[in-house]
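A.B. asks: The lines below spell out each chain.
Protein chains: 2
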Amino acid sequence: MTSIAIDAMGGDFGEKPIIEGVIQALKEREFKAILVGDPQKLKTLIPQELNSYIEYEEAFDVFAMEENSTDALKRKDSTIYKAIELVRNQKAKAVVSAGHSGATMSLATLRLGRLANIARPAIATLMPNIHSRTLVLDVGANVDCKSEHLFQFAIMGEAYAKEILNITKPKIALLSNGEEECKGNELTKEAHQLLKQLPNFVGNAEGRDIFNGTIDVLVCDGFNGNILLKTGEGVASVITKLLKQEIQKSFLAKLGYLLAKPAFQELKTHIDYEEYGGAPLLGVKECVIISHGKSGPKAIKNAIFQALNFAQSNINQTIEKELANYEID
Amino acid sequence: MTSIAIDAMGGDFGEKPIIEGVIQALKEREFKAILVGDPQKLKTLIPQELNSYIEYEEAFDVFAMEENSTDALKRKDSTIYKAIELVRNQKAKAVVSAGHSGATMSLATLRLGRLANIARPAIATLMPNIHSRTLVLDVGANVDCKSEHLFQFAIMGEAYAKEILNITKPKIALLSNGEEECKGNELTKEAHQLLKQLPNFVGNAEGRDIFNGTIDVLVCDGFNGNILLKTGEGVASVITKLLKQEIQKSFLAKLGYLLAKPAFQELKTHIDYEEYGGAPLLGVKECVIISHGKSGPKAIKNAIFQALNFAQSNINQTIEKELANYEID
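Which chain is which? The protein sequence lines are V and R, in order. The first sequence finishes on residue 329 if you use this note's numbering, and the numbering steps up by one all the way, no holes. The second sequence finishes on residue 329 if you use this note's numbering, and the numbering steps up by one all the way, no holes.
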């Protein structure tokens, strides 16, 4: 049975939504959950019939969101440190944490180590497009990148799309300010030349292209990835709010909204990040899934499924093998 | 009467939507339109009663969208070149062009010249937020920037917000990957330190903050500005498409949509770029308004109003005066 280490107390809302997510996940798939936190608190939340799928790892220190991730290495009794150590010591095959993402990243990189030929691990996330989803990386681990880092992100994203998302021939694009090869800033123009070596590279993509369903993997630096992600969230939220405001102004519109509500709910499900689980940190040895601090049970459940799929795949070997084919430095 | 030079043939759809926009504008405000293009073609589109508000400047060459803007200086008979020359020779107070934006930018910079202490002119555009609009600059003129360029963009954006948008104390923010001062890439961290000198600087803003109505002027490099703008367009368009798809699936939802339609139309108006006119190129002497290549009559009308407001303001003097207060290099 695959064991997953779960930072049970690191999220914004404490242990409850996380444990609820673990319980939901256990109803659908078989795995062992190693809950890292205060066993006293956690045990009361677990139904008796699940006891055989649960282990506890004691940790009473929680790394707070406002703390500086450079302190993470010293906090050996924190839930996130101990969760990572379970993977390091091969007691678990993967970590899921909704805690401090900077701390998780630096502990994963320093305690688990990077894959061969990976200079910078990257956070990959799924964004909704008109048909399904696009994997975007990096979305925040590296704000200043060199072109060879973007090349490594492309290799990692391609491997994830193949092994975890089951896309046989994933289309890879580079985020830029225009589709033409000559468009871009210094970084992306250089990266474009490296990426051209990849058979699945389809060229530059603009901010709007990533939603039309023609791209499976979008490569960018962590600064731009963050802008892309947050802008997407912001626009989706403002459109919904504006529409609600307008609908509130008339009785007929309110009635109309009620009739069309299932359509709105379908849309909401499609663009709901909780459906996608968490964001894998690619480029470290082993599997680390970073969940949103505000994750509810559904997000945690899906993050655990991601972790299981990752742990049962060969993605890290694929990344190392692929990278060995290219001489980039 | 203020004269506005209008590149009558540079847009994607030829002269018709542009002339229609000029006619609509003349119905609401008094100005002289100098139409640059083929007078034979243009005259047939103008109603007789408007003849006293129209002049023609002969130009038969149109700079095509796929051409390289480095050739713009040699194309002395192109509509855009001649339109800019009308301003240079003080026959017009402003230019409006829906033609090749790169050519317009380089001709404006080279033929009209930059304002004192401005290293790089920037394209500014209005993006909708929950309450009104946010001015974003640069959105494409400069893909690789230094921190002092971003500082100059802030000064220009502030002046535009005060003089044209009538915001007494515009809140200025810097686009970054986190609100905290320590967040950002090398460029934005350096720029943050310069921007702190400005009394109206409110700090970093994330991609999602710019839609909640708390920021009047958002400063970024042209690469990120482009990503922001195009992502916004992409998300708005995909949400609308997904919702329509879902609504089509059920009779009740279709009925509901019909009842709520006025609310959808209000939303559409709020986020319609044609309502905002064009994008001013800030930092050049005189006034240059760059319109979308696909501009319809409404966008052209609003771009002309922008040009009139700009030409009747003191914005360029304000920018030079403000910049003289700071020693940045």
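Hints listed in this document are in silico derivations from the structure and should not be mistaken for laboratory results. Since this is a predicted model, take the numbers as computed values, not measurements. Any given hint might turn out to be false.
The list makes no distinction among identical chains, and a pair is therefore deemed to hold if it is satisfied within one copy or across any two copies.
[To be verified] Listed next, the in silico DMTMM-like pairs over lysine to aspartate or glutamate satisfying Cα-Cα at most 25 Å (straight line): (1) Lys-321 - Glu-28; (2) Lys-244 - Asp-272; (3) Lys-169 - Glu-20; (4) Lys-241 - Glu-275; (5) Lys-189 - Asp-71; (6) Lys-32 - Glu-66; (7) Lys-261 - Glu-274; (8) Lys-244 - Glu-206; (9) Lys-189 - Glu-67; (10) Lys-244 - Glu-275; (11) Lys-189 - Glu-275; (12) Lys-169 - Glu-233; (13) Lys-146 - Glu-186.
A.B. asks: All hints, please: hold or fail.
C.D. replies: A quick look at each hint next to the structure:
no.	hint	result
1	Lys-321 - Glu-28	neither (33 Å within a copy, 67 Å between copies)
2	Lys-244 - Asp-272	both (18 Å within a copy, 18 Å between copies)
3	Lys-169 - Glu-20	neither (36 Å within a copy, 48 Å between copies)
4	Lys-241 - Glu-275	both (21 Å within a copy, 20 Å between copies)
5	Lys-189 - Asp-71	between (36 Å within a copy, 22 Å between copies)
6	Lys-32 - Glu-66	neither (31 Å within a copy, 59 Å between copies)
7	Lys-261 - Glu-274	within (20 Å within a copy, 30 Å between copies)
8	Lys-244 - Glu-206	between (30 Å within a copy, 24 Å between copies)
9	Lys-189 - Glu-67	between (37 Å within a copy, 20 Å between copies)
10	Lys-244 - Glu-275	both (23 Å within a copy, 21 Å between copies)
11	Lys-189 - Glu-275	neither (34 Å within a copy, 34 Å between copies)
12	Lys-169 - Glu-233	neither (28 Å within a copy, 28 Å between copies)
13	Lys-146 - Glu-186	both (10 Å within a copy, 13 Å between copies)
Figure legend: structure checked against the earlier numbered hints; hints not met, in rising order: 1, 3, 6, 11, 12.
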